[in-house]
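> Sequence:
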Amino acid sequence: MVLSIPQSILSTNTQKMDFILNYLNITTIAFISLISLLFFVFRFSKVSHTKQPPIISGSWPLLGHLPLMRNTQTPHKTLGYLVDKYGPIFTIKLGATNALVLSNSELAKECFTKNDIVVSSRPKPVAVELMSYNQAFIGWAPYGAYWRQLRKIVTLEILSNRRIELLNHIRVSEVQTSIKELVNTWSDQMSLSTSEINNKLANTNDYVSVELKKWFAQLTLNMVLRMVVGKRCFGDVDEANKEEAKIFLENIRDFMRLIGTFTVGDGVPFLKRLDLGGHEKEMKKCARKFDEMLNEWLEEHRVKKGLGSDDKVVGERDFMDAMLLVLKDKPIEGFDVDTIIKATTLELILGGSDTTAGTLTWAMCLLLKHPHVLEKAKVELNTHIGKERCVNESDINKLVYLQAIIKETLRLYPPAPFSSPREFTEDCTIGGYHIKKGTRLMPNFWKIHRDPSVWPNPLEFNPERFLTSHKDVDVRGQNFELLPFGSGRRMCAGMSLGLNMVHYILASFLHSFEILNPSPESIDDTEVLEFVTTKATPLEVLVKPFLSFKCYETM
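If you read the sequence shown in UniProt numbering, its first letter stands for residue 1, the second for the next number, and so on.
Treat each hint with caution, since some may be false.
Derived pair list, reagent style DSSO-like, types lysine-lysine, alpha-carbon separation capped at 27 angstroms [unchecked claim]:
{"#": "1", "residue 1": "Lys242", "residue 2": "Lys180"}
{"#": "2", "residue 1": "Lys281", "residue 2": "Lys93"}
{"#": "3", "residue 1": "Lys281", "residue 2": "Lys378"}
No lab work stands behind these hints, which were simulated from the structure alone.
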């Protein structure tokens, strides 16, 4: 039996079904449209919120922009010239790692004030891992409890203004010894007896040649070594110390070359174990040599000077003595005392000597290229000090033109044009761009210091700008247009000592000698960047004594 449904009922039900389907279609379409609109708005909002900084073209597979960094120019110049095309903020790829390059003072201020904590940590490249006692150096330690405790000790105990002042006699001794040796070289070349020297000083036009890059390097290394571990490398040292000094100097050259090396393992982590290029083997060898020497020095300090001898004259304690006295047997966050002392000692020696010598060399290079500035500096020294006594560190505050010369030198030739790399520990916003956690920060101080919107005629060596239009600009990290020592929490801990040494050494050298450029040709100012920027070629000058014979005699 077949059930028969009346046609009228079927017709009515079909109409109802069509109505329901039409309603559902309209509702569904409206719902889908609404969801799509919301998704689009959300996505647009998110894209706007996470706008990425421009990335420069020419990235290679795996290597990123590393081939670009091996240009014939130094990396800070290569990236500085890209600002005209990409603007003051852009990204480069160092292998698999993104690095943010900043090139103006406003962006630097945003980083080192508002976002300072976020950019206060350090990455861990292979060289740092192997050559800094696994980031025990204060300058390379990640931001955290270890860094905070060690920074406090170094700032308040090791490099405090009081301790720097207590070691004034070492700086005076080393400067005067080096100057006297140069005067003796001059008198030997002139074949003068002691009785003839005084008269000859006033009348001779004879000069002696000196290679200043080497002279400053030896002076600053002797000075720093004596302050840190009570030793010297050059001059009046016994044969055993000469051999030790020779090994130490070779290690320093290797260290400065290797610490700035970007290995294949840094760019492509899964290739790290292969040690392509053999850099890791070299780094381990260099670190091992330094460790052996530092162990010997540490043991000497414990045995000969006595750990914690409170009866010892405070002014005779070097930095290693001070660290032994402060730390004793208290490890810090997993690092034992010996490791902390060795790491800090090595960092003080390397950072204190190389950067200082480099700045002094650049200052003299600029002065020789601008003899009218050199003459004004000598007039200031002669006015305030005269020819009958030597420069004292207490004189520096009165030598405002000399201070301006140092500022202008640091503006044109910051020791570390990128600073030490930092790493973003959180997502944040810089210059309106979203920066992801793990990105490296590379502030290009060389470019910031040459910004024409801040510095009129930025390529010109003009110390007078710091006596007029920029007289309130300092180098201590608060003026973001001039950051030779960095800024924020991670700025250079040795800044005060470094500035003290640079001013005193330059003032003493300029005051003690008449100085001439031996060649009418333009002075070569080619740069080379390893760990710091240095002059690529020697700097030969002609000098003759300027002060009274009595002054040199009492040195």
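> Does each hint fit the structure? Answer for all of them.
Going down the list of hints, with the structure as the test:
1. Lys242 <-> Lys180: This hinted pair holds, its Cα atoms lying about 20 angstroms apart.
2. Lys281 <-> Lys93: Holds. Lys281 to Lys93 sits at ~26 angstroms (cutoff 27 angstroms).
3. Lys281 <-> Lys378: With Cα atoms ~49 angstroms apart, Lys281 and Lys378 exceed 27 angstroms; violated.
Checked against the numbered hints given earlier, the structure breaks only hint 3 and satisfies all the rest.
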